Amino acid sequence: RQEATRWMRQWLYNDSSPVTEPKDIRLFTDAELQVTRTGQVHNDFPDEANVADISLRLASRLETKRRRFWAGNPAKALAKVRKLIGLPENLPQPRVERGGQAQTNWARIDKFTLQRTGDMPVPALLFRPPGNTGQAFDVVVYADGRGMRSAAHANGPIRKLVNESTAVFAVDLRGLGETRDQGSNAKYHSHSHRVGNVATHIGQPLLGQRVRDLLALVDYLNEVGSERVRSIRVIGVGSAGPVALHAAALDARINKVELRNPVLNSWVDDVVAQPLHREMVDHVVPGALTWYDLPDLARQLGARLRTR
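All residue numbers for the sequence shown refer to my numbering, where the first residue is 1 and numbers rise by one.
Derived by calculation from the structure, the hints in this document are not laboratory data.
This one's a predicted model, so the numbers in the text were calculated from it and none came from an experiment.
The C-beta atom is built at its ideal place from N, Cα and C for all residues, glycine as well.
A portion of the hints provided could be inaccurate.
Distance condition first, Cα-Cα at most 20 Å in a straight line; then the derived SDA-like pairs of lysine to any residue [unchecked claim]: (1) Lys76 to Val229; (2) Lys65 to Lys256; (3) Lys256 to Leu161; (4) Lys76 to Gly287; (5) Lys65 to Lys76; (6) Lys65 to Lys80; (7) Lys83 to Arg67; (8) Lys76 to Val224; (9) Lys83 to Gln204; (10) Lys256 to Pro130; (11) Lys256 to Ala288; (12) Lys256 to Arg233; (13) Lys76 to Pro286; (14) Lys76 to Asp296; (15) Lys160 to Pro295; (16) Lys160 to Arg82; (17) Lys76 to Ala273; (18) Lys83 to Thr290; (19) Lys256 to Pro295; (20) Lys83 to Pro295; (21) Lys76 to Gly302; (22) Lys76 to Ala252; (23) Lys23 to Ala59; (24) Lys256 to Val224; (25) Lys256 to Gly225; (26) Lys160 to Pro130; (27) Lys80 to Trp291; (28) Lys65 to Ala79; (29) Lys65 to Ala273; (30) Lys83 to Asp119; (31) Lys80 to Gly225; (32) Lys65 to Gly287; (33) Lys65 to Arg306; (34) Lys256 to Val229.
Computed beta-carbon distance windows for the label pairs [what the hints assert, rightly or not]: (35) Pro295 to Asp44: 34 to 40 Å; (36) Met8 to Ala71: 54 to 60 Å; (37) Gly99 to Ser231: 41 to 47 Å.
Make the full structure from the sequences, and use the hints.
This is how it looks when you write it as structure tokens:
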């Protein structure tokens, strides 16, 4: 108490004289210091609202505007989504570098690195059935929030997808897997706190940057041609789910998209209504709820989308 008083006198009154607490000072009890019945101002008034309440009310009120916006011109709405997430209309073709190869009894595995000019490298692994060398494949682009190697073991989900006619192109989107940030502080409720906030400040939300990474694989497969790639399906797992959803909504070359255990299905229900929900910085798109929520993208995809 003495030091707090001394500090305030010095810096608020320019008085650096010592402060000594009287020996006969009477201290107020906790009950006497309380200015409300409950100890919480927003609980003491029937109509009081905290910041989270106000944010949820605003997001809910915007639902009518969002519905009108999408009913009017879906193509225009998707162009707005592209702008909000910072995804340019015409992206440069990625440079592709092949790494090593490996062989298992269920797949031939090729290592790739894809990189657009000015972007960070995107690591990827291509899994093909060992006996197939010439025929065209249905290709599954597989993005997992835990990293591609977590799904690549012998009994994992990638193994279950690979067959005579299906190849899997697994990718680590930036900030996930091999490129996961090692320095973010967990006290901010998100491992991606550091990179996510920097991305927002430069006007390129992390979600949009990851969409760019995922579409680098789609661009490469499109360049390979229909003689070798029959169709493209995207699977987004966990925190890669919203990325896959955006990519499919914005790029018709993706024939189907599947979301597995997505970390959120709606910004209103899963973020605004749950402000302490962890690991949400990855999915922040400033101003998005004025124009769209994730269910709006899901409706645009229709039968192309599957969630499990």
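Against the structure, the hints:
1. A C-alpha spacing of about 30 Å is found between Lys76 and Val229, which places the hinted pair above 20 Å, so the restraint is violated.
2. Straight-line distance between C-alpha atoms of Lys65 and Lys256 comes to about 29 Å, which puts the hinted pair past the 20 Å bound.
3. Using a Cα cut-off of 20 Å, the hinted pair Lys256 and Leu161 holds, with the two alpha carbons roughly 15 Å apart.
4. For a cut-off of 20 Å, the pair hint linking Lys76 to Gly287 stands: about 17 Å separates their Cα positions.
5. Restraint check for Lys65 and Lys76: satisfied, since their Cα atoms lie roughly 15 Å apart, inside the 20 Å limit.
6. Taking the CA atoms of Lys65 and Lys80, the gap is near 14 Å; set against the 20 Å cutoff, the hint holds.
7. For the suggested pair Lys83 and Arg67, the alpha carbons sit about 19 Å apart, so the restraint of at most 20 Å is met.
8. Only pairs whose Cα atoms come within 20 Å are accepted, and Lys76 paired with Val224 is rejected, the gap being roughly 30 Å.
9. A C-alpha spacing of about 10 Å is found between Lys83 and Gln204, which places the hinted pair at or below 20 Å, so the restraint holds.
10. With a CA separation close to 25 Å, the supplied pair Lys256 and Pro130 exceeds the 20 Å bound.
11. At most 20 Å may separate the alpha-carbon atoms for a hinted pair to count; Lys256 and Ala288 exceed this at roughly 24 Å.
12. With a C-alpha separation of about 5 Å, the suggested pairing of Lys256 with Arg233 holds against the 20 Å cut-off.
13. At most 20 Å may separate the alpha-carbon atoms for a hinted pair to count; Lys76 and Pro286 meet this at roughly 19 Å.
14. Taking the CA atoms of Lys76 and Asp296, the gap is about 13 Å. The hint holds against a cut of 20 Å.
15. The suggested pairing of Lys160 with Pro295 is violated, with an alpha-carbon distance near 29 Å, which exceeds 20 Å.
16. Distance restraint check for Lys160 and Arg82: the Cα-Cα separation of roughly 33 Å exceeds the 20 Å cut-off, and the hinted pair is therefore not satisfied.
17. Only pairs whose Cα atoms come within 20 Å are accepted, and Lys76 paired with Ala273 is rejected, the gap being roughly 28 Å.
18. Note on Lys83 and Thr290: the hinted pairing holds, with a Cα-Cα distance of about 13 Å set against a maximum of 20 Å.
19. Pair hint Lys256 plus Pro295 holds up; C-alpha atoms about 16 Å apart against a cutoff of 20 Å.
20. With a C-alpha separation of about 18 Å, the suggested pair Lys83 and Pro295 falls inside the 20 Å cut-off, and the hint holds.
21. Pair hint Lys76 plus Gly302 holds up; C-alpha atoms about 18 Å apart against a cutoff of 20 Å.
22. For the hint pairing Lys76 with Ala252, the CA-to-CA distance comes to about 15 Å; that is within 20 Å, so the pair holds.
23. For the hint linking Lys23 to Ala59, the alpha-carbon distance of about 55 Å lies beyond 20 Å, and the restraint is violated.
24. A hinted pair counts as satisfied when its Cα atoms are at most 20 Å apart, and Lys256 with Val224 qualifies at roughly 19 Å.
25. Pair hint Lys256 plus Gly225 holds up; C-alpha atoms about 18 Å apart against a cutoff of 20 Å.
26. Distance check on the hinted pair: Lys160 and Pro130 sit about 14 Å apart at the alpha-carbon level, within 20 Å; holds.
27. This hinted pair checks out: Lys80 and Trp291 have alpha carbons roughly 8 Å apart, not beyond 20 Å.
28. Simply put, Lys65 and Ala79 have alpha-carbon atoms about 17 Å apart, close enough for the 20 Å limit, and the pair holds.
29. For the hint pairing Lys65 with Ala273, the CA-to-CA distance comes to about 19 Å; that is within 20 Å, so the pair holds.
30. As the CA atoms of Lys83 and Asp119 are separated by approximately 18 Å, the hinted pair is consistent with the 20 Å bound.
31. Annotation: proposed proximity of Lys80 to Gly225 is violated, straight-line Cα distance about 30 Å (limit 20 Å).
32. Between Lys65 and Gly287, the direct Cα distance comes to roughly 13 Å. Compliance with the 20 Å bound is thereby established for this hinted pair.
33. Straight-line distance between C-alpha atoms of Lys65 and Arg306 comes to about 26 Å, which puts the hinted pair past the 20 Å bound.
34. Only pairs whose Cα atoms come within 20 Å are accepted, and Lys256 paired with Val229 is accepted, the gap being roughly 14 Å.
35. The hint said 34 to 40 Å for the Cβ distance between Pro295 and Asp44, and at roughly 36 Å that hint holds.
36. Against the hinted window of 54 to 60 Å, the Cβ-Cβ separation of Met8 and Ala71 comes to about 58 Å, which satisfies the hint.
37. Between Gly99 and Ser231 the Cβ separation comes to about 26 Å, which falls outside the hinted range of 41 to 47 Å.
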